[in-house]
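Protein chains: 2
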Amino acid sequence: MTYCIGLLLNDGLVMMADTRTNAGVDNFSSYKKLHTLADSSKRQIFAVTSGSLSMSQTVISLIQEGLPAGDGSELSRTIGSATSMFRVAQMVGEAVQIANNTVGSALEAINLSSSVSLLLGGRIGDQPPALFQIYSAGNFIECSVEAPFLQIGETKYGKPILDRGIAMDMPLHEAVKVAFLSFDSAMRSNLGVARPLDLMVMPRAKGSAVLTRRIEPDDDYFNALSLRWSLLLHEATRAIPNPPFMDEKGAARS
Amino acid sequence: MTYCIGLLLNDGLVMMADTRTNAGVDNFSSYKKLHTLADSSKRQIFAVTSGSLSMSQTVISLIQEGLPAGDGSELSRTIGSATSMFRVAQMVGEAVQIANNTVGSALEAINLSSSVSLLLGGRIGDQPPALFQIYSAGNFIECSVEAPFLQIGETKYGKPILDRGIAMDMPLHEAVKVAFLSFDSAMRSNLGVARPLDLMVMPRAKGSAVLTRRIEPDDDYFNALSLRWSLLLHEATRAIPNPPFMDEKGAARS
Chain H
1466 MTYCIGLLLN DGLVMMADTR TNAGVDNFSS YKKLHTLADS SKRQIFAVTS
1516 GSLSMSQTVI SLIQEGLPAG DGSELSRTIG SATSMFRVAQ MVGEAVQIAN
1566 NTVGSALEAI NLSSSVSLLL GGRIGDQPPA LFQIYSAGNF IECSVEAPFL
1616 QIGETKYGKP ILDRGIAMDM PLHEAVKVAF LSFDSAMRSN LGVARPLDLM
1666 VMPRAKGSAV LTRRIEPDDD YFNALSLRWS LLLHEATRAI PNPPFMDEKG
1716 AARS
Chain V
1466 MTYCIGLLLN DGLVMMADTR TNAGVDNFSS YKKLHTLADS SKRQIFAVTS
1516 GSLSMSQTVI SLIQEGLPAG DGSELSRTIG SATSMFRVAQ MVGEAVQIAN
1566 NTVGSALEAI NLSSSVSLLL GGRIGDQPPA LFQIYSAGNF IECSVEAPFL
1616 QIGETKYGKP ILDRGIAMDM PLHEAVKVAF LSFDSAMRSN LGVARPLDLM
1666 VMPRAKGSAV LTRRIEPDDD YFNALSLRWS LLLHEATRAI PNPPFMDEKG
1716 AARS
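Sequence order for the protein chains is H and V.
For the first sequence, our numbering puts the final residue at 1719, and the numbers step up evenly by one.
For the second sequence, our numbering puts the final residue at 1719, and the numbers step up evenly by one.
Hints in this document: simulated from the structure, not taken from any laboratory.
Certain hints may be false.
You can't tell identical chains apart in this list, so a pair holds if it fits in one copy or across any two.
Calculated lysine-lysine pairs in the BS3-like style (CA-CA distance at most 30 Å, straight line) [unchecked claim]:
no., residue 1, residue 2
1, Lys1671, Lys1507
2, Lys1671, Lys1497
3, Lys1497, Lys1507
4, Lys1671, Lys1714
5, Lys1497, Lys1714
6, Lys1714, Lys1507
Let's have the full structure, built from the sequences with the hints guiding it.
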């Protein structure tokens, strides 16, 4: 399993991924799922991946090494020459389709799932940051202001806190806290999502540096956040008035 | 879709179900999924159902009208004569298997899902309350102290708050609040779960009456709880210290 999220806010772009991979509970491992596709002053592009590990590694390698030129030449097309994030998303979708036709077909032939999906985020030159979700068929959607976050993988446990906690106009450090809480929920409820987590923060302001950070299993800040959140939820529950129709012993109150 | 939960605590038993049924977003309706199977001074038995509506109605009707005697006689076996909740769970499992072999087979023949599952809770005579989950094959498990709640249907959105908020030793009115918050999370994230909700509270104390209540879509208490919870979550998020490795603008802090 996997859990990845992307947030596109007024102040910038946040992406986060766990690192757990597994083929059954008796066969799990840790792989980086947040990939740096480009990181120069003019072009910062990142992707997080979910699905079959062999498929997602194939897709990432195809993007990094370049797609076939299509004219029979040896030259390959890379995202280094793409003029917009939309063009990059098209190339990533194309890489997914190539992986589907090669590795995917082989997996399907032995009835193994070959599904792969990605979140793609970044910016090129002076263009604003953009965030895309690329589906397993290679089609994609772009994140918009009506729903400022996208998720892939084991999305449900961590969605309620995003639904309530993420707003377009929140500061990036608040958004990172809510993203951590969303991961904490997913990790408590599903063994298939686990630390280390990988984080990328891209402030919208031009010229600002991208922050990347790994949150290890023993990260003090994350542990304190998880503990504090439990205490705060208990306090919040107690602060809500009791149901007016029953007494403390569960008996009906008229 | 559906969402149902059962809580078996020191102070008693709580069961809750939504009422939304749907066959696609263009065809939804409201059906009661919390069923009273017995409600006398010596025997109080309730079930909540998830899955194909025709299947769950068949299961409930089989239980209410009685299972075939098996000896060719006209007499049928009912839960009114069962001597323990385990025996009742066996009969409900048998009803699921009968439904599988009749309605279920017909549905499978046209490639429609015929899955049905139930939570069964109640008590007989002076025995303590018990809670069971009956799976789609008719097999079942009993709720135990290690995990004091069971869920069926659209379980993931509402699980994190139960994981953190439900404890064996909490009072029933606190448990009902947490259960409402779990439903609120599920309803906000999935249109297939919706009010009215049906609630049953069975205090453990002998001789105490069972409380049943419907929470309508315009229920003032539930609306206030949902609104208050949003505010409390925002406060709680702000109360957590900011990530030490980044500043307010998302830049790395050394």
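Hint by hint, here is what the structure shows:
{"no.": "1", "hint": "Lys1671 to Lys1507", "result": "within (10 Å within a copy, 73 Å between copies)"}
{"no.": "2", "hint": "Lys1671 to Lys1497", "result": "within (28 Å within a copy, 56 Å between copies)"}
{"no.": "3", "hint": "Lys1497 to Lys1507", "result": "within (24 Å within a copy, 59 Å between copies)"}
{"no.": "4", "hint": "Lys1671 to Lys1714", "result": "between (60 Å within a copy, 12 Å between copies)"}
{"no.": "5", "hint": "Lys1497 to Lys1714", "result": "between (50 Å within a copy, 26 Å between copies)"}
{"no.": "6", "hint": "Lys1714 to Lys1507", "result": "between (65 Å within a copy, 20 Å between copies)"}
No hint from the list above goes unmet by this structure.
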